[in-house]
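Protein chains: 6
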Amino acid sequence: MNKVAVYRKEHFNAAHRLNNAAWDEVRNGSVFGKCNNPNFHGHNYELIVKVTGLPDPETGFVIDLKVLGDLIEENVLSKFDHRNLNIELEEFQQTNPTAENIAIVIYEILRKKLDSALDLQVRLYETERNFVEYPA
Amino acid sequence: MNKVAVYRKEHFNAAHRLNNAAWDEVRNGSVFGKCNNPNFHGHNYELIVKVTGLPDPETGFVIDLKVLGDLIEENVLSKFDHRNLNIELEEFQQTNPTAENIAIVIYEILRKKLDSALDLQVRLYETERNFVEYPA
Amino acid sequence: MNKVAVYRKEHFNAAHRLNNAAWDEVRNGSVFGKCNNPNFHGHNYELIVKVTGLPDPETGFVIDLKVLGDLIEENVLSKFDHRNLNIELEEFQQTNPTAENIAIVIYEILRKKLDSALDLQVRLYETERNFVEYPA
Amino acid sequence: MNKVAVYRKEHFNAAHRLNNAAWDEVRNGSVFGKCNNPNFHGHNYELIVKVTGLPDPETGFVIDLKVLGDLIEENVLSKFDHRNLNIELEEFQQTNPTAENIAIVIYEILRKKLDSALDLQVRLYETERNFVEYPA
Amino acid sequence: MNKVAVYRKEHFNAAHRLNNAAWDEVRNGSVFGKCNNPNFHGHNYELIVKVTGLPDPETGFVIDLKVLGDLIEENVLSKFDHRNLNIELEEFQQTNPTAENIAIVIYEILRKKLDSALDLQVRLYETERNFVEYPA
Amino acid sequence: MNKVAVYRKEHFNAAHRLNNAAWDEVRNGSVFGKCNNPNFHGHNYELIVKVTGLPDPETGFVIDLKVLGDLIEENVLSKFDHRNLNIELEEFQQTNPTAENIAIVIYEILRKKLDSALDLQVRLYETERNFVEYPA
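Top line first, the protein sequences correspond to chains U, B, D, X, G and L. Quick note on numbering that gives the first Met the number 0: the first sequence kicks off at 0 and runs consecutively. Quick note on numbering that gives the first Met the number 0: the second sequence kicks off at 0 and runs consecutively. Quick note on numbering that gives the first Met the number 0: the third sequence kicks off at 0 and runs consecutively. Quick note on numbering that gives the first Met the number 0: the fourth sequence kicks off at 0 and runs consecutively. Quick note on numbering that gives the first Met the number 0: the fifth sequence kicks off at 0 and runs consecutively. Quick note on numbering that gives the first Met the number 0: the sixth sequence kicks off at 0 and runs consecutively.
It should be emphasised that the hints constitute simulated quantities derived from the structure, not laboratory data. Just so we're clear, the structure is a prediction, and the values are computed from it rather than from any experiment. Misleading hints may appear alongside valid ones.
Below 27 Å or equal to it, Euclidean Cα-Cα: the simulated DSS-like pairs (lysine-lysine) are [unchecked claim]: (1) G:Lys-65 / D:Lys-8; (2) X:Lys-33 / D:Lys-65; (3) G:Lys-2 / D:Lys-111; (4) D:Lys-78 / D:Lys-33; (5) B:Lys-65 / B:Lys-111; (6) U:Lys-33 / X:Lys-112; (7) U:Lys-33 / L:Lys-33; (8) D:Lys-33 / G:Lys-65; (9) L:Lys-78 / L:Lys-33; (10) G:Lys-78 / G:Lys-2; (11) U:Lys-49 / L:Lys-8.
Turn these sequences into a full structure, and let the hints guide you.
As structure tokens, this is what we get:
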């Protein structure tokens, strides 16, 4: 039997800035441009979590999307929503909160919470025009 | 030469409920929650059909998307649109009409109608936030 | 000072059918077509509630959109979501649940809950292509 | 002859927090909830500017939408995009940057730049679900 | 009793160019820029038709949206879709096909087909970011 | 370490027609229908460029999406936007500008501009309902 992928879309709003602490201000400004603003800017992040597996023959669900939604709420949204990623999240104390790195962090959080028989992929929209996917 | 994927988006509106006839009312209510409502609820289902193959050198088409649209209309929409999936579709007499199972049923219908040289995948949005893909 | 309009978007999923109990089956079928299916069909209804008034000088809010969201949740969504409008809502025992009539019913429910200094308008999407607004 | 309305959609990303400096921390937290986070959060703001007037008989334009786009870019986006509204914009030193107040500020900026024969209205989406319009 | 507004969304694809035949090439190029390309360019026009009136007490419809859709199909889409507006539509032989003028032309066509008790307004999206409404 | 995919969405407006110069008018009309209109029609093409690779440990970027946007602007949009694809682009002098072929042409253009360590895929929306992806 073939696997089915199920997707759950969620969102959170957060402030961030892009900065490499190992670089000086000039280099940071030159590489990250207005995203380097020391006063921060922010986004409405759209998060799409993809879980792949075999549907349970009794329920017809790969995973109950309400359960998946609750899992995302408890482990990701409660931690990221209405936060300053640079200041308030330990994961970004040493790591630049680019869309790529935010997606990797969210993947790592959710991977530990999901049955290992299920595959996981995370898509994150920073804006409607800029988005990322992990793992590719 | 590499293959190209072409996609056609269609939609249908239908009523359904989630229920496992082998379970009692309490278990169904506990697993399926408000989706178990015996009076049904409904959705605007968005359907995206992906067909992959080599473009015909004379037309530049993998498959004429108007032809694909007509195929979906005749074989899927005419059967699913403005229907009660649980009551009116034989495919869901023994199978719970979860998004996963609806996508599998639509795949099986279209697979028989398409040239075997073409690959097929079905994505189905039950809501903007909950969607599935088969095969994964 | 000019008024500001604030909008809150919510959604619910419901089953319905269009039918006039005073007409026979042939006339209902001829006027309402596939929307007359006695087994029901359904929609993802998108609801946009517009409230117009003067911003409070202390908060900068016309109305706190979280408060408005909770008001819609408690008075509309809890009643309409995952329901069969024809069978389960008293408002549609004598009234055909067209998008027009559903919008009027939702307006009447919310009008009683809002400060009379605030204007109210309801927009309801039955599908992405068919939607209504009340009062016009 | 009737007037025509033309609309231009733009966007900017910014950080903000909601806070009334005249209140203590407890009252601010109780009224503004997680929007009061002292470390800020942020949004992808979508801005729709509506200009109403008679089309010029020679061009068929009410206003060239490229000209309107440039006007918004120079006077609004260059000032708001990738900024911290509370820290970096003088307009929000005394005014809480709610969606209502941001829309009023943008209206006031653009009103001075537009021909007085043209009517102006501003719609601002803080998120897809929360948006405002000024004047109502 | 208050009126209700109903909306129907349709779309068409067309080629056009902006040009004032009374002007020379230099002036046309300077005013209309790349929209003046003599070889044309094109758009996916999204059309939203708004009809306002009292719901019929027997049907609950202001106007059956399927009937409105057919009216738009027969009188607008069949004439505009997959056409070159400058070459193939008599309405644009003397009139520049700006979004403003296309909306006015569509309004005039539909106004003659609708019951005079119903109000009519047309919204036309040339792109997602540039759109117009008539009458304002 | 796993790769990350990053996406950039851009758009352009163009005129085209579908035609096989080796066929007579009757066969072209029969195969391509209204898309064969000799006076052209047009579209708002939405282009999504996907680039896959390992994030740079210093920036956290697979590729700076502003850099990718500029690359698309300089090499694709400046060439395709507000153009007649059949008349003005050498790539479509011998090749029918179907969505499939336009995507292949854009892929070939961008492939030469990108570091060979990065994977590339192009998605092109001709309309919201018809879109293609290359390579599949």
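Checked hints:
no., hint, result
1, G:Lys-65 / D:Lys-8, "holds (26 Å)"
2, X:Lys-33 / D:Lys-65, "holds (11 Å)"
3, G:Lys-2 / D:Lys-111, "holds (19 Å)"
4, D:Lys-78 / D:Lys-33, "holds (26 Å)"
5, B:Lys-65 / B:Lys-111, "holds (18 Å)"
6, U:Lys-33 / X:Lys-112, "holds (26 Å)"
7, U:Lys-33 / L:Lys-33, "violated (47 Å)"
8, D:Lys-33 / G:Lys-65, "holds (11 Å)"
9, L:Lys-78 / L:Lys-33, "holds (26 Å)"
10, G:Lys-78 / G:Lys-2, "violated (31 Å)"
11, U:Lys-49 / L:Lys-8, "holds (21 Å)"
Hints 7, 10 from the earlier list are contradicted by this structure; the remaining hints agree with it.
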